[in-house]
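Mind assembling these two chains? They're in different frames, but the hints should get you there.
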Amino acid sequence: MELIKKQTHFDFMGKFKAALIVSVLLILAGIASIAMHGGLKFGIDFEGGTLVQLKFSEAPAIDSIRSVLKEMNFEDSTIQEFGSPDTILIRVERSDGELQEMGSKIKAALEEKKGFTGILIERVEMVGPKVGKDLRMKALLSILYAIIGIVIYISWRFELQYAIAAIIALLHDVLITMGAFSLLDKEFTLVIVAAFLTIIGYSLNDTIVVFDRIRENTRRRSKESLRDVINTSINQTLSRTLLTSGTTLLVVLALFFLGGEIIHDFSFALLVGVVVGTYSSIFIASVFLVYWESRAHPKKRAKSA
Amino acid sequence: MHKELRWKIPLIMFVIAGFSWLAWPLEEKINLGLDLQGGVHLVLEVEAEKAVEFSMEQRTEDIKHALGAEDIEVDRVVLNKDTNVIRVLLVDVIDTTGAETVLKNYTALEKKDALRGGLELVYQLRDEEYQYIQDNAIQQALEVIRNRIDIVGLSEPTIQVQGTRRILVQFPGVKNPKKIIDLLGQTARLEFKMVDESISPEAARTQGVPEGSELLEERVFDKTTKKEIKKIPYVIKKRVLLTGDMLTAADIRYDQDFNEPYVSLTFNSLGARTFFELTRDNVDKRLAIVLDGRVYSAPVIREPISGGQAQISGSFTSEEAKNLAIALRAGALPAPLTMLENRTVGPSLGRDSVNAGISSIIIGMVAVVLFILIYYRLSGVVAVCALLLNLVMLLGSLAYFGASLTLPGIAGIILTVGMAIDANVLIFERIREEIRVGKTVRTAIDAGFAKAFRTIVDANVTTFIAAIVLFQFGTGPIKGFAITLCIGIAASMFTAVFVSRATFDLFMSRKKIERLSI
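Protein chains in written order, with our numbering: chain A, 5 to 309; chain B, 64 to 581.
Rather than coming from a laboratory, the hints here were simulated on the basis of the structure. These numbers come from a predicted model, not from an experiment. Any given hint could turn out to be false.
[What the hints assert, rightly or not] Partial chain A-side listing against chain B, Cβ under 7 Å, derived: (1) Met130; (2) Tyr149; (3) Ile204.
[To be verified] Per the computed footprint, the stretches of chain B lying under chain A, defined by three or more beta-carbons under 8 Å from a beta-carbon of chain A, are: (4) 181 to 194; (5) 350 to 363; (6) 405 to 417; (7) 422 to 431; (8) 470 to 477; (9) 512 to 525.
Beta carbons: idealized from backbone N, C-alpha and C, even for Gly.
For reference, chain B alone in the conformation it holds in the complex (with noise of 0.2 Å):
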C-alpha cells in the first residue's frame, strides 16, 4: 500500500495544482456565457436560392446585352426561376449558329435542347454550378458579416456556420443590439441601372412593365419627423450597369447646404472605368442608384463622370448613413438573410443571474457540507475535500475548453455537487454494511471500495449517456450545462473513487485503526 502511495499522492497534487491552476483566477479564466453577461445570439439563415436568382437574372440580362452586341436579332430571352432554365427565343433560323457561340461563353449553362428548328435554343443551369452558387454564398455571408462585425470593432465575437446555410452569430455584451442586428441584417446589394424612360410609371402600371424592366420605389421621408411621406415609382432596367463589389471605400458625410447626411462612393479603377463609361454613354439619361431592391437617386447624367466618385443621397439619418456606409464597405451579402433565432440578454439581467446563482451555489454546497459532516464525521472530511477537489476540476476544465459558464450551467454544477456526494455515499455505506456484519476496518474498507466501484461505474455511464446527447443536441445554454454535467460526472468518479480511496489508506498506513470515523 505505501508503495502505491507513493505515486498517487503526488499525481493527487498534481492534478489538484494543474486544475487550481487552469481555473484560477476565476473572473479571468471563467468565460460567463451570454446569459450571464447579456449579449446577443442570433441565428441566421442565407436564403442561399436567392443567390441563384440573382445570379440567374443577371446572367439573361448579360445574354441579351451580349447577343444584341453581335446583331443577333432576339425575339426575347426568358428566364424560368423554379427551374433555372433560360430560352433564346430567335428572330431567324441564320442566327442560330451565331447564337450559340455567343452562349458557349456561359459555362454556367448548359445546352439542353433546340426547339422549333432552332428558333428556340434551351439552356439550363448546371447542377454543379448551382451547388456552387449557393455554397460560395454561404461563404460569402460568412466572410460579410464577419467583415462588418470587424468593421464595428465588437470584441469577442463567434461567427459560425450551422447546419448547411445557418450562420451562428454571438457578441456578448453591447449597449445597442438593434443598431447590430439592423447592420448584420442588410443584405447592400448597390446597383447602377438606368431608367426605363419609354414608358411612364403610372403607364407601366396600367398597361405592363416592358420586358427587361421593372417597377422600383423611391420612399421619400419628411426631413424633420422622418416619416414616410410617399413612394416614387420608377420603371428601372432589369440590366446592372455596376455594383458595389467595385467600391474601395464608403463614408458618410455631410451636405454643406442642408446638413444632410449622405454616403460618398469611391470606386476601384475598374470601377470608375465603367462609371465613366455608363455615364459617358447615357448623357441626358437618368441613371438609377438602388440599394437592396429600392431606389435611392435617379438622378439625369449631366456630364461622363471620370475620377470614379459617387454618391447616394436620399432622406437618412446620420445612423443609417453610417450603418449604410459600414455595410458597403463590406461588402453586400450575396443573398437576403433570415432572422431565424434571436436572443437578447440586457447587461443588468445577467448580473442578477450571475448573482443569484452564486448565491444558490453556495447556499447548496454549504448544507451539502454541513450534512455529510454531521452524518459521516471524519470520513464526511474524506467526501468533502472529495467535492471540493471535483469542483476545482470542473472549473479548470471549463476553462481549459474554453467553454462558457451558462446559467443552466450553474445548475450543471450544482447538480454535480449533489450527485458527486452520491459516490461517496455509494462506497461510505458499502463500508458501514462490511463493518457491520463484523470485518475490520481494514477490509471493511477494502470490500466496499471495490464493491462500490462497479455500482458507481454503471450508475454514472448512463447519466453520462443522457449528456452527451444532449450536448450533441444542444444549442448556447444547453451544451453549457451538459458540458458541467459530463465533466462533473467524469471528476466526481476520480475523486470519490481515486482520492478518497488514496485518503483513506494514507490515513490507515499511520497507525493501526481500530475504529472508523464513518
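Excised from the complex, chain A in its bound form (with noise of 0.2 Å):
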C-alpha cells in the first residue's frame, strides 16, 4: 500500500505567504489569550499551593464544597470536575504549613457539615512557593539548555543558516502549543514542561528528516535555486513525514483517550505539538532557509524568480 502513489510535486513553497499568514494568525490568537488572561496559568508546581483530589461516591454538588471551604477561610480556593463528576480536584492557593494535612481536614468539614461518607484522598500535593520558584526557573533553563544543545549540533552537523531555521520552527510549535494551552484555559505543570520538551525534540526530528534531504539535493541539484530544491525536497520526504506523524498520532491518540485524566493535559500537549511540528517542518522551517539565501545571495533568487 502506498499513501502517495509516486512522486508528488506539490508547490509548498508557493503556498508559503498562506502558511505564514495561518501561523502569524494563530501566534497572535495564542499570545492576545495569554495577554487577557494575565499571563500564562502556572499549575501548583511552578505558583506553590495545594492541591487536593477527593473521590465521592456519588457526584457531589459543587456549591457545597465551596461552602464548606469558605467557612474553613479558604475562599481563595477552586474547585472542579476532574475526569468524571464523583472526583474533584480542589486548589489552594497558599502553601504554609497547616495545609499539610489539608487533604484530611476538608474531608473531615465535609463529612461533618454536608454529611458526605466515604469520601477518598486520592491525592494530596502541596509545592511551597519558593520550591514553586525555583521550579519554573529550572523549567525555563532546561528549554533554554535544549536549545543550545540542539543549536549547536545542528550548526555542527549542517550549516548555522539550518540550526536558525529549525529553531524558529520549534519556537512557533512552542508558542502555538502554548496558545493553545491559554486559548482552553489549561495549566503549566512540570509534566507540561516535559511534553513542550517532547515536542521540541519532536518537532527537530521532524525538521532534520527535510533538511537532511535538502542537504543532500543541494549537491546533487546545484544548478536548481534553492527554492526548488527545497520544493523537491519536501515532496521526496512527504510520505515519510506523514507516516510518521500518523503512527506518532495513533498513540498519542490512545494516551488522549484512554490515558486517564492525570495526564489527559499532556497528552492534549503532545496532540497538538504532533500536529503543528509536521505543518511547521513542511512550510515554517524551510521558508526561513529560502529566505535566509535571498538575503545572502540576492542575485540567485532574481534568477529562480
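This is how it looks when you write it as C-alpha cells:
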C-alpha cells in the first residue's frame, strides 16, 4: 500500500504566504489569549499551593463543597470536576505548614457539615512557594539549554542557517501549543514542561529529516535554485513525514483518550505539538532557509523568481 | 554478507535473551513509581541556620556559667544572632585575662576585639565552624530521618540529600501517610531546663523577661474532646541542663490510675549522672521538660533522682505519645525542617493510572502494528519485530537501571513506540524510492539503509539532546519520562539500523528475490 502513489510535485513554497499568515494568526491568537488571561496559568508546581483530589461515592454538588471551603477560610480555592463528576479537584493557592493536612481537614469538614460519606483522598500535592519559583527557573533554563544544545549540534552537522531555521520552527510550535493551552485555560505544570521538551524533540526530528534531504539535494542539484531544491526535498520526504506523524498521532490519540485524567493535558500538548510540528517542518523551517538564502545571495533569488 | 550474518544473528539473539531475562517477570522486575502504586514524595528543607542559632545560644549560656564558676563578675553576655557575635561585658578590667582564659576553651570562637580597655570582649563564630555546623546539621537530619523511618518499618524508602540543604524522602504505598509526615516533621528537641522562679510569668510579661530566661507555654488539652483549653505561661531559664541526646530508650507507657499515655525515658550513664546532679542541686525547685519550645510539664523536684529514669506526661493521645517515643528514640533533629513539597498519591488512584496507562499502550501499539503491517506488508513484519524488540529492550533497561516506571514514563514508552517506527519508515521509504528509480532489490536495500542512516542519526540525536536536558532538570515522574525516552531512542536506533538490516540480509541470503514486499 502507498499513501502517496508516486512522486508528488506540490508547490509548497508557493503556498508559503498563506502558511505564514495562518501561523502568524495562530501565534497572535495565542499571545492575545495569554495577555487576556494575565499571563500563563501556572499549576501549583510553579506557583506554589496545595492540590487535593477527592473521590466521592456519588457526584457531589460543587456549591456545597464551596460553602464548606469558605467556612474553612479557603475562599481563594478553585474547585473543579476531574475526569468524572464524582472526582473533585480542589486547589488552594497558599501552601503554608498548616495546609499540610488539608486533605484530611477538608474531608473531615465535608463529612461533618454536609453529611458526605466515604470520601477518598486520592491525591494531595503541596508545593511551597520557594520551590515553585525554583522549578519555574529550572523549567525555563532546561528549555533554554535544550535549544542551545540543539543549535550547536545542527550547526555542526549542517550550517548555522539550518540551526536557526530549526529553532524558528520549534519556537513556532511551542508558541502555538502554549497559545492552545491558554485558550483552553489549561494549567502549566512540570509534566507539561516535559511535554514541551518532547514537542521540541519531535519537531526537530521532523525538521531535520527534511533538512537532511535538502542538504543531499543541494549537492546533487547544484544548478537548481534553492527554492526548487527545497520544494523537491519536501515532496520527496512527504510520505515519510505523513507516515511518522500518523503513527505518532495514533499512539498519542490512544494516550489522550485512554491514558486517564492525570496525563490528559500532557497528551493534549503532544497532540497539538505533533500536528503543528509536522506542519512547521514542511512550511516554516524551509521558508526561513529560502529567505536566508535570498538575503545572502540576492542574485540567485532573482534568477529563480 | 554471510560472514557478517554469522556474528550479527547470534548477537541479536543474545540481546533479545539478555533484555528478556532482565525484564521478566515484569511484576517483579519493574518498579512502579509513586504515582502508579501510591505513595509519598516529600522534599524537606533543613533550616540549617537554626542549628547555628541553637548552638550559639547554648554556647552563650555555657560561657555565662563557666565564667561564673571561675568567680568572674560578669555584667552581661550578649549574643547577636545575625552576626554570630558574642559580647562578654565585664564589671572590672581585673577579670579581663581570666575571662580570656575561660573563653580560650571555646575553640569554635575567635577573638575579634577588646573594647573599653578590656571591659567588653568580642568573640565571633569562626567561618569554618559556621559551615561545619550547617553541614553537620544536614547530615544529622538525614541520619535522624533514616532512623525514624527504620523504626516505623517502612519498606523501600528513598532518602537522599538534594542540593545543599534539602532532603528528598519517598516511600511507596502507605496506609496513613499523614502519620509519617507528622513524625518526620517533628524536631523532637527535648530539653530539661529550670523554671525561673524569681518572677511570675504575669510580671515578666509586663516588666520584661529577666536576662537569660524566656517565656514558654504549656498547652493544656481537654481529656475527652482533645481540644486545647488553655495555655499556661512559664518563665524558663535558657540554660539547657540535659537534652534528649543522652537517652537510651523512650517508650510509651500507660498511667495506672487514669490509663493515660506517657513517654518513659531512660538515660545513658552520663545522662543519668547529669540528671542525678541536677536534681540534687535543685531540690524544691521546678524543673521544666521542654519539647520543641513547648513546656510539657514542670514538676517540683522533691528529692535527687538516681537511676536515670524520667517521664514526659502531658495530655497526649496514644498516637501522639507513640510518635513522640519514636522521635525521641531516633534522636532529635539538629534544626527544624520545612516542608517544601509534599505529593501524596492514594493507592486506588495509582491502580487506576496503571490500568489506563496499560490499556492506552496496548491500543496504541495494536493500532500502529496494524497500520504498519497493512502499509508495508512483509517488510512491515520486520518493522513490527523491531518494534517489539525495542519494547523488550526498553523494559529490560528500566529493570537494569532500577528506574521506576511512572505515568509520564508510560507516555514515554508510547511515544517511543510511535517514534521507533519512524526509523523503519525512513528506511523503507528510501528503499521504495530506490526501487522506483529502477534499482534492483539488493542495491535498493543497500542504498536505502545507507542513505537513511545519516538522517536517522541526526534526527535522533536532537531528540536525545532534549531528553538528556529533561533528565538533568527533571524530578520524580519527569525523570522517569526522560529515561524511557533516552533508552527508547537508543533502542530504536539499534533495532532499526542493525536488526532490520540483518533481517533483510537474512531474507536476501536465502534466495534471489525479484520483488520486495514493501
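Hints versus structure:
Satisfaction of the interface hint for methionine 130(A) is found here, the shortest Cβ-Cβ separation to chain B being roughly 4 Å, below the 7 Å cut-off. Because the beta carbon of tyrosine 149(A) sits about 5 Å from the nearest beta carbon in chain B, less than 7 Å, this interface hint is met. The restraint placing isoleucine 204(A) at the interface with chain B holds, with a minimum CB-CB distance near 5 Å, inside the 7 Å limit. Residues of the stretch 181 to 194 of chain B with a Cβ under 8 Å from some Cβ of chain A number 0, which does not satisfy the need for three, so the listed coverage is violated.
Only when three residues or more bring their CB closer than 8 Å to a CB of chain A does the claim for the stretch 350 to 363 of chain B stand; here the count is 0, and the claim is violated. Coverage of the stretch 405 to 417 of chain B by chain A holds [criterion: at least 3 residues with CB-CB distance below 8 Å; count 9]. Note: the stretch 422 to 431 of chain B has 8 residues with beta-carbon separation from chain A under 8 Å; the three-residue rule is met and the coverage holds. Coverage of the stretch 470 to 477 of chain B by chain A holds. Counting CB-CB distances below 8 Å, 5 residues qualify, and the rule asks for three or more.
Coverage of a stretch by a chain is defined here by at least three residues with a beta carbon nearer than 8 Å to that chain's beta carbons; for the stretch 512 to 525 of chain B and chain A the count is 8, and the condition holds.
The structure fails to meet hints 4 and 5 from the earlier list, while all remaining hints are met.
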